[in-house]
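*Asks:* For the protein sequence lines, the chains are V and P, in the order given. Remember, the numbering used here sits 109 above the position in the first sequence when you count from 1. Remember, the numbering used here sits 109 above the position in the second sequence when you count from 1.
The set of hints was computed from the structure by calculation and includes no laboratory data. Some clues are possibly wrong.
Pairs count within a copy or across copies, as identical chains cannot be separated in the list.
SDA-like mimics (lysine to any residue), calculated; alpha carbons at most 20 Å apart, straight line [claimed, not checked]:
id: 1; residue 1: Lys374; residue 2: Phe440
id: 2; residue 1: Lys322; residue 2: Ile398
id: 3; residue 1: Lys316; residue 2: Asp127
id: 4; residue 1: Lys158; residue 2: Ile116
id: 5; residue 1: Lys504; residue 2: Asp532
id: 6; residue 1: Lys158; residue 2: Leu123
Protein chains: 2
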Amino acid sequence: MLQLEEIITDTSRLFVGDAVPDLYFHDTYVKNIKPVYAVALPKTHDEVKALVQFAIEKDLVIIARGAGTGVAGAQVPIQGNELIIDVHLMDKIIELDEETLTLTVEPGVLVGDIHDYVEKKGYFYPPDPASKHSTIGGNVATNAGGLRAVKYGTTRDYVREMTVVLSNGEEMTLGSLNIKSSSGYDLKDLFIGSEGTLGITTNIRLKLVPLPKANVTILQAFETVQQATEATLEILKSGADPSGVELFERSALYYAEQNLGYPLKSQVGEAYLMISLDGNDQTELDHRIELVESVTSELILESHVLTADEAKKNWALRDNILLGLTKFTEFELLDEVVPINKFAELIESTKAMQDKNGLNVLNFGHAGDGNVHTLLMKDDLTEDQWTERRAALLKDLYQKVDELGGLPSAEHGIGIVKKDYMDTMTKDINLDYMRQIKRVFDPDNRLNPGKVF
Amino acid sequence: MLQLEEIITDTSRLFVGDAVPDLYFHDTYVKNIKPVYAVALPKTHDEVKALVQFAIEKDLVIIARGAGTGVAGAQVPIQGNELIIDVHLMDKIIELDEETLTLTVEPGVLVGDIHDYVEKKGYFYPPDPASKHSTIGGNVATNAGGLRAVKYGTTRDYVREMTVVLSNGEEMTLGSLNIKSSSGYDLKDLFIGSEGTLGITTNIRLKLVPLPKANVTILQAFETVQQATEATLEILKSGADPSGVELFERSALYYAEQNLGYPLKSQVGEAYLMISLDGNDQTELDHRIELVESVTSELILESHVLTADEAKKNWALRDNILLGLTKFTEFELLDEVVPINKFAELIESTKAMQDKNGLNVLNFGHAGDGNVHTLLMKDDLTEDQWTERRAALLKDLYQKVDELGGLPSAEHGIGIVKKDYMDTMTKDINLDYMRQIKRVFDPDNRLNPGKVF
Chain V
110 MLQLEEIITD
120 TSRLFVGDAV
130 PDLYFHDTYV
140 KNIKPVYAVA
150 LPKTHDEVKA
160 LVQFAIEKDL
170 VIIARGAGTG
180 VAGAQVPIQG
190 NELIIDVHLM
200 DKIIELDEET
210 LTLTVEPGVL
220 VGDIHDYVEK
230 KGYFYPPDPA
240 SKHSTIGGNV
250 ATNAGGLRAV
260 KYGTTRDYVR
270 EMTVVLSNGE
280 EMTLGSLNIK
290 SSSGYDLKDL
300 FIGSEGTLGI
310 TTNIRLKLVP
320 LPKANVTILQ
330 AFETVQQATE
340 ATLEILKSGA
350 DPSGVELFER
360 SALYYAEQNL
370 GYPLKSQVGE
380 AYLMISLDGN
390 DQTELDHRIE
400 LVESVTSELI
410 LESHVLTADE
420 AKKNWALRDN
430 ILLGLTKFTE
440 FELLDEVVPI
450 NKFAELIEST
460 KAMQDKNGLN
470 VLNFGHAGDG
480 NVHTLLMKDD
490 LTEDQWTERR
500 AALLKDLYQK
510 VDELGGLPSA
520 EHGIGIVKKD
530 YMDTMTKDIN
540 LDYMRQIKRV
550 FDPDNRLNPG
560 KVF
Chain P
110 MLQLEEIITD
120 TSRLFVGDAV
130 PDLYFHDTYV
140 KNIKPVYAVA
150 LPKTHDEVKA
160 LVQFAIEKDL
170 VIIARGAGTG
180 VAGAQVPIQG
190 NELIIDVHLM
200 DKIIELDEET
210 LTLTVEPGVL
220 VGDIHDYVEK
230 KGYFYPPDPA
240 SKHSTIGGNV
250 ATNAGGLRAV
260 KYGTTRDYVR
270 EMTVVLSNGE
280 EMTLGSLNIK
290 SSSGYDLKDL
300 FIGSEGTLGI
310 TTNIRLKLVP
320 LPKANVTILQ
330 AFETVQQATE
340 ATLEILKSGA
350 DPSGVELFER
360 SALYYAEQNL
370 GYPLKSQVGE
380 AYLMISLDGN
390 DQTELDHRIE
400 LVESVTSELI
410 LESHVLTADE
420 AKKNWALRDN
430 ILLGLTKFTE
440 FELLDEVVPI
450 NKFAELIEST
460 KAMQDKNGLN
470 VLNFGHAGDG
480 NVHTLLMKDD
490 LTEDQWTERR
500 AALLKDLYQK
510 VDELGGLPSA
520 EHGIGIVKKD
530 YMDTMTKDIN
540 LDYMRQIKRV
550 FDPDNRLNPG
560 KVF
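Please model the entire structure based on the sequences and the hints provided.
*Replies:* Following this line, the structure appears as structure tokens:
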């Protein structure tokens with residue numbers, strides 16, 4: 110049997126027991142203080158296979174980890190006997206194939222680096238999660254979404270082929286370069302979004318599309334979230350084909366404006382939409398801008414077609430909502446999703462929950478696909494108040510999401526922080542079959558046990 | 110225990126033993142002469158559940174069937190103890206929900222009727238399999254594609270939610286009205302394309318998009334298939350965003366021209382592309398037509414932007430390839446798929462196979478997604494020659510498809526006719542996990558046994 114030091118011969122890529130750095134015990138928000146067996150940083154597919162073999166022989170459990178930018182605790186150790194396989198050094202962009210419009214990458218490549226790389230060559234990788242420092246492997250593990258999902262879909266829609274190492278140390282390639290398939294069961298989509306519980310991804314071939322040649326952003330102000338949501342539906346039905354429809358409350362923007370030191374272009378109303386359009390040229394966009402403005406004309410207070418410079422500054426405000434907040438208070442970020450016609454009702458319902466539970470709540474999110482980012486704010490609550498009130502509000506919130514036909518996570522994953530809600534909100538029969546599928550691929554429960562369900 | 114006559118009380122919806130009509134022993138091309146236990150035509154989800162319960166108690170196997178327009182034998186009985194559940198009377202369009210842009214249907218609704226229904230209301234259901242008389246349940250079972258997959262994807266991309274009856278008689282709902290999900294394993298995509306081997310679909314909620322307001326077709330002629338394929342790639346890379354890129358050989362069109370009695374608009378060259386574009390208005394299309402013509406200018410012999418009337422007549426020729434052929438010879442229709450850059454190589458390779466095996470071959474297909482419809486023609490071969498030469502050619506062909514990284518079926522399914530090739534072309538480990546998943550959902554192998562793998 111190979112020892113860890115024989116698999117990862119470069120000692121700078123191996124941390125055992127007490128030598129494991131603190132960063133491996135937390136992600137963006139979730140901390141855990143358990144020890145782990147070791148952390149190994151492979152650079153090749155074969156090293157990953159050998160590490161899995163080692164874990165089998167030592168009866169360790171395995172957590173695959175990328176950049177550690179997760180927010181649901183999926184990569185945080187909880188058992189004490191984990192071998193953490195950190196793939197962030199597997200960061201090679203292997204091949205841009207312009208004949209199949211695909212990009213082959215290792216799992217540790219950052220999604221921001223993928224964007225930069227392909228856009229320089231005239232291509233586009235649409236999934237656009239907020240964290241550009243997240244790895245593509247992590248994006249696949251959570252089926253990451255982002256701002257452009259309304260037009261382009263999520264990570265799932267851009268994985269043509271992936272190679273995984275399974276819990277028994279074998280490898281399997283899922284999907285193919287073929288665009289269509291009616292040749293047996295779709296195993297690939299089972300692995301996408303499975304949060305490291307079915308296999309460890311070591312190679313991914315991504316679908317690319319041509320880079321849009323023109324972009325524009327429209328900022329619209331509304332009296333209420335309800336009206337902004339109605340406008341969203343009208344825009345979606347119009348054929349204007351927006352690449353993003355972002356909604357935020359006036360109150361959510363306050364911190365970003367304070368932080369960046371300049372105001373949003375519109376200062377009226379309680380809710381805003383930022384609508385992005387992309388296409389082949391400005392003429393095409395002009396017509397679609399007209400479409401957006403005409404179908405929303407009776408709902409808006411103001412509508413601004415932003416200049417490139419304004420767009421940059423106003424998007425920076427939108428992107429700064431979380432960062433701005435960080436300077437004022439601790440918070441918890443959620444990513445619940447509901448059918449698009451329930452978006453306003455969900456946001457409205459959080460007002461009553463806020464009053465009932467004594468906890469401030471803000472909302473922003475991807476109105477075009479029903480995905481709300483609700484923020485629970487600690488403000489000046491004591492730790493005990495924060496823990497207690499937050500738990501009470503979360504219970505109310507997820508119950509409401511469930512009533513509206515929603516799901517606990519749109520794009521961040523379940524990890525450990527949403528497990529209980531996932532359990533409550535998912536039918537027993539669906540959970541039972543998920544567990545049976547887990548047993549098919551991982552009979553010893555070795556891969557990221559205790560996560561998701 | 111309920112008897113069949115107690116479940117289906119209307120005797121016109123029940124055929125037992127010798128009373129089973131001949132149509133249930135074949136699909137479009139595949140015939141089988143085995144007897145079956147019975148055929149039942151339920152009208153409700155509850156009748157389907159009761160029928161599955163009956164099959165369990167009598168230890169019958171179940172084939173779910175729709176319009177019988179399949180081409181791979183997936184719905185043809187092969188065991189002799191089948192209970193065929195024909196869902197084509199479950200043909201209600203239940204609800205158009207304009208707030209979630211979804212259409213809820215029963216599985217027996219014809220896809221052509223879905224197109225007509227939603228287009229009248231300004232919506233669009235993009236998947237467009239050649240047979241408008243196929244049921245949506247069958248489309249889901251095979252992940253049907255069609256002419257518009259290059260822009261819009263396949264049936265898989267339009268199923269938001271589906272309810273299935275499982276082999277144990279329980280029901281399960283897969284997917285949801287939510288547009289994004291990172292909440293557990295994707296069971297829905299496992300069922301789509303599973304050809305009736307995992308469950309019987311009784312209710313489907315389909316995603317709709319706004320109906321494009323303008324359409325245009327460009328017909329381009331090329332000296333060779335290779336040049337037509339190169340042009341396809343240039344078009345895909347240009348940002349022109351075609352909704353269809355169909356390729357056919359001059360020789361494949363001969364029979365359609367004879368049958369319809371008029372010629373294709375272009376009579377030069379050996380290969381043609383018919384490129385369709387859709388969008389919001391003619392101005393937008395004009396620009397995209399220019400894009401197509403500019404990126405293909407060095408490859409074409411001729412390019413025609415068709416008038417509406419010409420488009421109709423020329424598409425009719427394309428759609429008549431199979432029907433035209435029927436009047437001249439028996440044939441076998443394939444639906445292999447390869448990565449788009451291998452499309453020309455595959456088609457070229459069939460010429461040598463034709464000469465080697467003494468069997469005429471024609472090709473047409475969806476160049477935009479690498480899906481070739483190869484036609485093997487019986488012409489004046491004897492039955493024995495036809496059987497023998499066809500088998501030899503199929504072996505060569507699928508071997509070549511495999512070499513090129515392709516798959517045996519893009520959109521028709523494996524059924525029984527492609528099982529051996531599926532077996533040869535799929536890695537053992539993938540097949541093994543497919544079989545294990547089959548056992549999870551159908552431990553008694555009751556649902557469509559002997560199909561796919």
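*Asks:* All hints are to be evaluated individually against the structure, with a verdict given for each.
*Replies:* Going down the list of hints, with the structure as the test:
With identical chains, the CA atoms of Lys374 and Phe440 are never at most 20 Å apart, being 26 Å at best within one copy and 66 Å at best between copies. For the identical chains of this complex, Lys322 and Ile398 are neighbours both inside a copy (16 Å) and across copies (16 Å), given an alpha-carbon limit of 20 Å. Neither within a single protomer nor between protomers do Lys316 and Asp127 lie at most 20 Å apart by alpha-carbon distance, with minima of 42 Å and 52 Å respectively. Within a single copy, Lys158 and Ile116 get their C-alpha atoms as close as 10 Å, which meets the 20 Å cut-off; across copies the closest is 54 Å, which misses it.
When the C-alpha separation of Lys504 and Asp532 is checked against a cutoff of 20 Å, the pair qualifies only within one copy, where the shortest distance is 13 Å, while the shortest distance between copies is 49 Å. In this assembly of identical chains, Lys158 and Leu123 lie within 20 Å of each other by CA distance solely inside one copy; the values are 16 Å within and 55 Å between copies.
Of the numbered hints given earlier, the model fails hints 1, 3; all others are met.
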